[in-house]
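Engineer: Sequence:
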Amino acid sequence: MSIEAPDRGKLYTNPRVMVLALDAMLIMLGFGIVAPSMSYYLIALEGGLTQPPGPGYIVPGDVVASFSVILGVMMAAFMATRTLLARYWGGVSDDKGRKPIILIGLSGYILLLVFFGLAQNWIHLLLIRGFQGVVSAMVWPTAEAALMDIVGKKRRAEGLGL
351 MSIEAPDRGK LYTNPRVMVL ALDAMLIMLG FGIVAPSMSY YLIALEGGLT
401 QPPGPGYIVP GDVVASFSVI LGVMMAAFMA TRTLLARYWG GVSDDKGRKP
451 IILIGLSGYI LLLVFFGLAQ NWIHLLLIRG FQGVVSAMVW PTAEAALMDI
501 VGKKRRAEGL GL
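Just so it is clear: in the sequence shown, position 110 is 460 by my numbering, and no numbers are missing.
Because the hints were derived from the structure by calculation, they are not lab data.
Even glycine gets a Cβ: it sits at the ideal position worked out from N, Cα and C.
Incorrect hints may have been included.
BS3-like mimics (lysine-lysine), calculated; alpha carbons at most 27 Å apart, straight line [claimed, not checked]: (1) K449 with K503; (2) K449 with K360; (3) K504 with K449; (4) K446 with K503; (5) K503 with K360; (6) K504 with K360; (7) K446 with K504.
Ranges of calculated distance between the beta carbons of each label pair, as one might list FRET restraints [stated by the list, open to error]: (8) I383 with N471: 41 to 47 Å; (9) V414 with R506: 30 to 36 Å; (10) V442 with S416: 38 to 44 Å; (11) K503 with N471: 45 to 51 Å; (12) K504 with L477: 20 to 26 Å.
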């Protein structure tokens, strides 16, 4: 179902293209916006933060070292589940349709962000990050496939550049 966008300027004003670009941006933002504060959040959950982080506050080195491996595993859980399942969800979206997979993925991602704020320990955070990778794999490749359906063969590079 390829719908060719007629001229160069129309691609950026096509509402369907912009919605798909926004979907992809939200997933990227959900991964990236959490990353800088995740170390403080993890340390605070496990009782290693003696005061709220702010200007001039430095977390002691031994505390940072004890949580750096856990933090790395949490980040890897997201990327591993996303990488392993992106191809699967792409195939499911070919069979079941793009819109339902994107909507389920975005809804799941929003729900998991709420759970992220309610986590009680690092194991909860690890599980949530893994499931965020799963729902991210539902949205990102499916949104890109839907975008390719909309822009047509001649404008794929431009569409992916959004």
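Engineer: Each hint needs a verdict: does it hold in this structure or not?
Structural biologist: Status of each hint after checking the structure:
For the hint pairing K449 with K503, the CA-to-CA distance comes to about 21 Å; that is within 27 Å, so the pair holds. Of the supplied pair hints, the one linking K449 and K360 holds, its CA atoms being roughly 22 Å apart against a limit of 27 Å. Proposed proximity of K504 and K449 is supported: the alpha carbons are some 23 Å apart, at most 27 Å. Taken as a hint, the K446 and K503 pair is honoured in the structure, with Cα atoms around 22 Å apart against an allowance of 27 Å.
For the hint pairing K503 with K360, the CA-to-CA distance comes to about 15 Å; that is within 27 Å, so the pair holds. The hinted pair formed by K504 and K360 meets the criterion: a straight-line CA distance of about 14 Å does not exceed 27 Å. A threshold of 27 Å between alpha carbons decides the hint, and for K446 with K504 the separation of about 26 Å falls inside it, so the pair holds. A beta carbon spacing of about 22 Å between I383 and N471 contradicts the range 41 to 47 Å that was offered as a hint.
Remark: the range hint 30 to 36 Å for V414 to R506 is contradicted by a beta-carbon distance near 44 Å. Between V442 and S416, the C-beta spacing of about 40 Å keeps the proposed range 38 to 44 Å intact. Taking the beta carbon of each, K503 and N471 are about 50 Å apart, inside 45 to 51 Å as hinted. For the pair K504 and L477, the supplied restraint of 20 to 26 Å is violated, since their beta-carbon distance comes to about 44 Å.
Hints 8, 9, 12 from the list above are not met by this structure, while the remaining hints are.
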